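Letter by letter, the chains look like this.
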Amino acid sequence: DQQVKQNSPSLSVQEGRISILNCDYTNSMFDYFLWYKKYPAEGPTFLISISSIKDKNEDGRFTVFLNKSAKHLSLHIVPSQPGDSAVYFCAASGNFGNEKLTFGTGTRLTIIP
Amino acid sequence: DTEVTQTPKHLVMGMTNKKSLKCEQHMGHRAMYWYKQKAKKPPELMFVYSYEKLSINESVPSRFSPECPNSSLLNLHLHALQPEDSALYLCASSAWTGNTEAFFGQGTRLTVV
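Chains as they are written, first to last, in this note's numbering: chain A, 1 to 113; chain B, 1 to 113.
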């Protein structure tokens, strides 16, 4: 049962444009959401997070939006740069009394120069 | 120092070998994790240590044996592995046991022959 879903396995965006990566979740107990970026043969790198008490968090070129009623979050990257080409994982955790992060299946973002 | 360091980067082992993966962090984090990632799949949680005690074991076979000698170190002892255990093994740490971002190491690429 995939509790965190990224329905787009891949996405191509022109350099300078906005990249929008989407993530849906099913478990209403999740209350903290994170985005990680991963290059091949490297560990995931933390990008940005959002708590369920907020609906938006911004850090430089990266903005995460959370729609709790729809159980949906998105990551906006603007402007997109060639170095942003990577696999992006959405992850979620909740107040379950443990530290478990549940990852989505990932979206491969390719920025076209 | 915001790094999680994993050694070795690559490991090839036979099915009868015993080997260990090592992970180290000096951020004062009190939660440490082992994840396994197969190609084109999200990271899957294996174990969580919280304050040096095993708090989560995701039904991992006993041929994988974690150990947390102190708050900075996390080991994964491997014995009698199968070829299907070949994967990228990721260590991560986070500040505490609540909702907080986890920092990942670069991983150990394990090949079982």
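These are computed hints drawn from the structure, not numbers from a lab.
Please read all numbers here as calculations on a predicted model, not as lab measurements.
Be a bit skeptical, because a hint or two may be false.
Stated by the list, open to error - Here are the computed lysine-lysine pairs in the BS3-like style, where the Cα-Cα straight-line distance is at most 25 Å:
id	chain 1	residue 1	chain 2	residue 2
1	A	K100	B	K40
2	A	K68	B	K22
3	B	K22	B	K53
4	A	K5	B	K53
5	B	K19	B	K53
6	B	K38	A	K5
7	B	K53	B	K18
8	A	K100	B	K18
9	B	K18	A	K71
Worksheet item: Which earlier hints turn out false for this structure, listed by number in ascending order?
Response: Violated: hints 2, 4, 8 and 9.
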